[in-house]
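So the protein lines, in turn, are chains A and B.
Take 1 as the starting number for the first sequence in the numbering used here and just add one per residue.
Take 1 as the starting number for the second sequence in the numbering used here and just add one per residue.
Just to be clear, a hint being listed does not mean it is correct.
What the hints assert, rightly or not - A partial selection of chain B residues facing chain A, derived with a Cβ cut-off under 7 Å: (1) A11; (2) M125; (3) A129; (4) F131; (5) C133; (6) P153; (7) Y156; (8) A160; (9) K233; (10) F265.
Treat the hints as calculated values from the structure; they're not laboratory data.
Please read all numbers here as calculations on a predicted model, not as lab measurements.
Ideal Cβ placement from N, Cα and C applies to all residues, glycine included.
The primary structure of each chain is shown beneath.
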Amino acid sequence: MSNKVNEFQILNADDAELMRISQEGTLSLNLNEMQTIQSHFAKLQRNPTDVELETIAQTWSEHCVHKTFKSIILYSEEGKETEQIDGLFPTYIQRATEVIDKPWCVSVFSDNAGIIEFDETFNLVFKVETHNHPSAIEPYGGAGTGIGGVIRDSLGTGLGAKPILNTDVFCFGLPDTPYEKLPKGTLHPKRVFKGVVAGVRDYGNRMGIPTANGAILFDTRYTANPLVFCGNVGLIPIDRCDKSVEPGDLIVAVGGRTGRDGIHGATFSSAELDDTSESLGSVVQIGNPIMEKKIVDALLQARDQNLYRSITDCGAGGFSSAVGEMGEDTGAEVHLERVPLKYEGLAPWEIWLSEAQERMVIAVPPENLDELMEICEAEMVEATVLGNFTDTHRLQVFYDGAIVADLDMKFLHKGLPQHIKKATWQPPQHQEMPSRDSQTENYAEDLCRLLASPNIASKESVIRQYDHEVQGGVVIKPLVGIANDGPSDACVTTPVIGSEKAVIVANGINPKYSDVDAYISAASAIDEALRNIVAVGGTLEKTALLDNFCWGNPDKPDRLGALVRAAKACYDIAIAYGTPFISGKDSLYNEYRDTTTGEQRAIPSTLLISAICVMPNIRNAVTMDVKSPGNLIYVVGNTYAELGGSHYFGIHNFIGNTAPAVRPDEGKLTMEKLSTAINSGLVRSCHDCSEGGIGVAAAEMAFSGGYGMALNISNVPTGEEITSDDFLLFSESNSRFLVEIEPHHQEAFENHMVGVPTGCLGVVTETPEFIVNGLTGKYVIETTIDTLKSAWQTPLHS
Amino acid sequence: MKPKVLVLRTAGTNCDAETDVAFQLAGAETDLVHIQNLISGKTNLSDYQILAIPGGFSYGDDIAAGILLAVEMKHKLRKTLDQFVVDDKLIIGICNGFQVLVRTGLLPGTENGSPEITQRATLAMNTSAKFECRWVELDTQLSPCIFTKGIKPHLYLPVAHAEGKFTAPPDVLEELESNSQIVFRYGRTSQSPSDKTEYPHNPNGSDADIAGICDVTGRIFGLMPHPERFLTKYNHPRWTRENLPEEGDGLAIFKNAVNYAKANFS
Numbered sequence: 001m002s003n004k005v006n007e008f009q010i011l012n013a014d015d016a017e018l019m020r021i022s023q024e025g026t027l028s029l030n031l032n033e034m035q036t037i038q039s040h041f042a043k044l045q046r047n048p049t050d051v052e053l054e055t056i057a058q059t060w061s062e063h064c065v066h067k068t069f070k071s072i073i074l075y076s077e078e079g080k081e082t083e084q085i086d087g088l089f090p091t092y093i094q095r096a097t098e099v100i101d102k103p104w105c106v107s108v109f110s111d112n113a114g115i116i117e118f119d120e121t122f123n124l125v126f127k128v129e130t131h132n133h134p135s136a137i138e139p140y141g142g143a144g145t146g147i148g149g150v151i152r153d154s155l156g157t158g159l160g161a162k163p164i165l166n167t168d169v170f171c172f173g174l175p176d177t178p179y180e181k182l183p184k185g186t187l188h189p190k191r192v193f194k195g196v197v198a199g200v201r202d203y204g205n206r207m208g209i210p211t212a213n214g215a216i217l218f219d220t221r222y223t224a225n226p227l228v229f230c231g232n233v234g235l236i237p238i239d240r241c242d243k244s245v246e247p248g249d250l251i252v253a254v255g256g257r258t259g260r261d262g263i264h265g266a267t268f269s270s271a272e273l274d275d276t277s278e279s280l281g282s283v284v285q286i287g288n289p290i291m292e293k294k295i296v297d298a299l300l301q302a303r304d305q306n307l308y309r310s311i312t313d314c315g316a317g318g319f320s321s322a323v324g325e326m327g328e329d330t331g332a333e334v335h336l337e338r339v340p341l342k343y344e345g346l347a348p349w350e351i352w353l354s355e356a357q358e359r360m361v362i363a364v365p366p367e368n369l370d371e372l373m374e375i376c377e378a379e380m381v382e383a384t385v386l387g388n389f390t391d392t393h394r395l396q397v398f399y400d401g402a403i404v405a406d407l408d409m410k411f412l413h414k415g416l417p418q419h420i421k422k423a424t425w426q427p428p429q430h431q432e433m434p435s436r437d438s439q440t441e442n443y444a445e446d447l448c449r450l451l452a453s454p455n456i457a458s459k460e461s462v463i464r465q466y467d468h469e470v471q472g473g474v475v476i477k478p479l480v481g482i483a484n485d486g487p488s489d490a491c492v493t494t495p496v497i498g499s500e501k502a503v504i505v506a507n508g509i510n511p512k513y514s515d516v517d518a519y520i521s522a523a524s525a526i527d528e529a530l531r532n533i534v535a536v537g538g539t540l541e542k543t544a545l546l547d548n549f550c551w552g553n554p555d556k557p558d559r560l561g562a563l564v565r566a567a568k569a570c571y572d573i574a575i576a577y578g579t580p581f582i583s584g585k586d587s588l589y590n591e592y593r594d595t596t597t598g599e600q601r602a603i604p605s606t607l608l609i610s611a612i613c614v615m616p617n618i619r620n621a622v623t624m625d626v627k628s629p630g631n632l633i634y635v636v637g638n639t640y641a642e643l644g645g646s647h648y649f650g651i652h653n654f655i656g657n658t659a660p661a662v663r664p665d666e667g668k669l670t671m672e673k674l675s676t677a678i679n680s681g682l683v684r685s686c687h688d689c690s691e692g693g694i695g696v697a698a699a700e701m702a703f704s705g706g707y708g709m710a711l712n713i714s715n716v717p718t719g720e721e722i723t724s725d726d727f728l729l730f731s732e733s734n735s736r737f738l739v740e741i742e743p744h745h746q747e748a749f750e751n752h753m754v755g756v757p758t759g760c761l762g763v764v765t766e767t768p769e770f771i772v773n774g775l776t777g778k779y780v781i782e783t784t785i786d787t788l789k790s791a792w793q794t795p796l797h798s
Numbered sequence: 001m002k003p004k005v006l007v008l009r010t011a012g013t014n015c016d017a018e019t020d021v022a023f024q025l026a027g028a029e030t031d032l033v034h035i036q037n038l039i040s041g042k043t044n045l046s047d048y049q050i051l052a053i054p055g056g057f058s059y060g061d062d063i064a065a066g067i068l069l070a071v072e073m074k075h076k077l078r079k080t081l082d083q084f085v086v087d088d089k090l091i092i093g094i095c096n097g098f099q100v101l102v103r104t105g106l107l108p109g110t111e112n113g114s115p116e117i118t119q120r121a122t123l124a125m126n127t128s129a130k131f132e133c134r135w136v137e138l139d140t141q142l143s144p145c146i147f148t149k150g151i152k153p154h155l156y157l158p159v160a161h162a163e164g165k166f167t168a169p170p171d172v173l174e175e176l177e178s179n180s181q182i183v184f185r186y187g188r189t190s191q192s193p194s195d196k197t198e199y200p201h202n203p204n205g206s207d208a209d210i211a212g213i214c215d216v217t218g219r220i221f222g223l224m225p226h227p228e229r230f231l232t233k234y235n236h237p238r239w240t241r242e243n244l245p246e247e248g249d250g251l252a253i254f255k256n257a258v259n260y261a262k263a264n265f266s
């Protein structure tokens, strides 16, 4: 590699040659895009330099511009007319937020993270990102830089937010996968699991940010393509939420040096993985959390002294994306030889594209430069003037005085041709599973198997490796109950020490339901995230959502059809609940291809919904562990015979066809009434019913509180006739909760809940027996909380 | 006048804000000061009565936890620190700060009669070989420690560290015992005092279940648990199920220091 700039010979290239250039250069540009670039340069009568073509490829990558979500989609379902959708994002996500129109939404979809109001002094920012492909190849580095990157998103929002909370959700292959079944060139799920957890742990802990919320899911289809979602919440003064760039402002890079690490990350993540991806080590970066901590320390001081006008992070595409985006409305001039390098020998395009970690770009008015430099020096952070913003509306890049890129900002940002894609959906037909009542006397074993299934089993061994106490604000922890080891529904933190105003963060994710219908899966993810918020004392009224789609290859109509279904659900359910989206991200092309057999595997269509809620006073919060013997256990919300995609069907190797629908009319009333009951002090504990239904929720409440239960499921309110015990116990219908009520509040609670299906199932008992009576009056579960807890704690113990 | 506390920061310090708040709640005036400002002389340590070294990962804990900051303090702030100690002022190191104090040799302090301050104990990798974030019970020992004077016999505080296993040669441990320099031991509420505390109640495998120690004067104190993370009852992991006082167990430690400074330096 040398300092030389090369030209890409595209002017006279035929279609095959154009595609060869795209593929060999890991540019991930399709033919239509290559032709658009070709005709743009034909008008200029010259070939693009490598710096120019690489810049365009980064800027136009799926990762940076989300072209699938903006493309025109022709969607067809069997027996229906083809529907034309002019962009999934504007039609379903952005429009939902516009229709809901919450006054407390400060900034949505425009900055690096969404911003909502918190109190008189601060707003909150929230962003969730994915780092899937890097984590597949190098789990520790990939996951660490995933969390590092999303922290920089908070720091790059407005004029910079202080990171206050991390949330992490992982999807892995099954931990007991036999080695001989591993797809070629992939790491074992256990190794990925260990590496990802260590990466997130070491980065988050060193940054001093509590990791207090998350989830870990397992499915064999994630083996070759694990998912790593990293989220960060930040706190920002209300008068530091706007940014601007003026011509003449200096372009200052702050933080780490630039090396050859992480080149082509944006375009790499916009392609499928295959069995040779492992050799692409240089696309995964190396993280240095202490560098990032120093940047945060320095920039928040500079922010408070008003020393810069705009800020963004160097993420995918490195300087090319950061400077290109900041200067979109003005123009920018950059001198690459000024960039501090880790080592010599980088070609100009490599400096420009490197995704080396821990770098921020700020726009500094020249008169503030000295003060800024003083702060950076005191915090031992390198800051370098790379150039300045201009009024030319061109992106001009120089190296040693010679111009190496001269691009029209308009072409760069608006020149991408809109795609037209086809999407289809056909409901799958799976075998139905009948009730097992006739063959099963006691469902204790089924309940234990459910508790031990890796999605449900305790994640304590992971949670304890994360510092979830740092900053001193986390007041509802990820582990709750008499022995500090029960599974909390959500975490609650008080970011301003001394104030009792709190933030609740929760998530919902149900990829199993997308085997039946991605619409139901997405709707259920929203319902679950909101249930978790409500269960600790939050309200729908003050809740905002984030959407993170991880999907297979959207160029395949069936994958895209599922994406359309999920996006439609996002619109319908968000509007019904009145909870706006404030930010989101998509990671597509999550597929693995074996290049010798041609075998193709897509991940299950996976939508993560993250929810954030502002809670006026922490004093009203509740946890999920039962508190005292003699208290009553109620189920709130109707149960339906909805076991399609359920864990109960799963442990018996069925999928089924009736996944849990969301009925927002019922769900909204249930959640609103329950929120009020909790905030009036009528509820002693509350747990949402999700994976494993009422059976698992009751068991978790009991063993977390250290008391037994005596329940009768014939009192479960149902929305349709259910005649079997197992379906009542393990159906995963949405919008349901179990709550614990003190006897002296029974009447007040029942009166308050009028209009919502509510049934008293039984009592909390002093003794450790966990007993459930079935429809015929006989015991259907007879066990102890110790047996249940041990089943739940053992599988992922180490 | 309010006593003044210098909360020391450097690259990787991350419990500075809550330590700062803890001292403010205890009635002190506080400044967050980067070590560069002490080294350059921009800030004078002699203007303060209490020095707090908070938790975090100073310089990434590269080489070993706290070592680089300890070296920096020993070589670049030697005289300033010596004078601070000679003036009978207070020093507290929490978690990474404790690791720093042990590596500078300020804790457990000089061998009887020796003028040279050297490192005589260490905080090693947890026996579990993992970072551990959990709440632990502490048994308050009889000691000259200013920070724990009149404090409850049993405290409940969180730990969050990978390198917190206090270990020292037998003669040093004996000396700590005979000088009553052990301030806190892990988990002794439901056991007889002679029992060794088992994991996870002793979360790191420390010798003699040691969670915190002071120097012979009681004015220099270091501990692995985080008192600044339990200032109000809402920090407690079971506040939704137990009747707890509004004030958290940790605050008394900061109040003791502030009251001592008020009484002795005004």
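We went through each hint and held it up to the structure:
| no. | hint | verdict |
| --- | --- | --- |
| 1 | A11 | holds (5 Å) |
| 2 | M125 | violated (14 Å) |
| 3 | A129 | violated (11 Å) |
| 4 | F131 | holds (5 Å) |
| 5 | C133 | holds (5 Å) |
| 6 | P153 | violated (22 Å) |
| 7 | Y156 | violated (11 Å) |
| 8 | A160 | holds (4 Å) |
| 9 | K233 | violated (9 Å) |
| 10 | F265 | violated (26 Å) |
Hint compliance for this structure: hints 2, 3, 6, 7, 9 and 10 are broken, all remaining hints hold.
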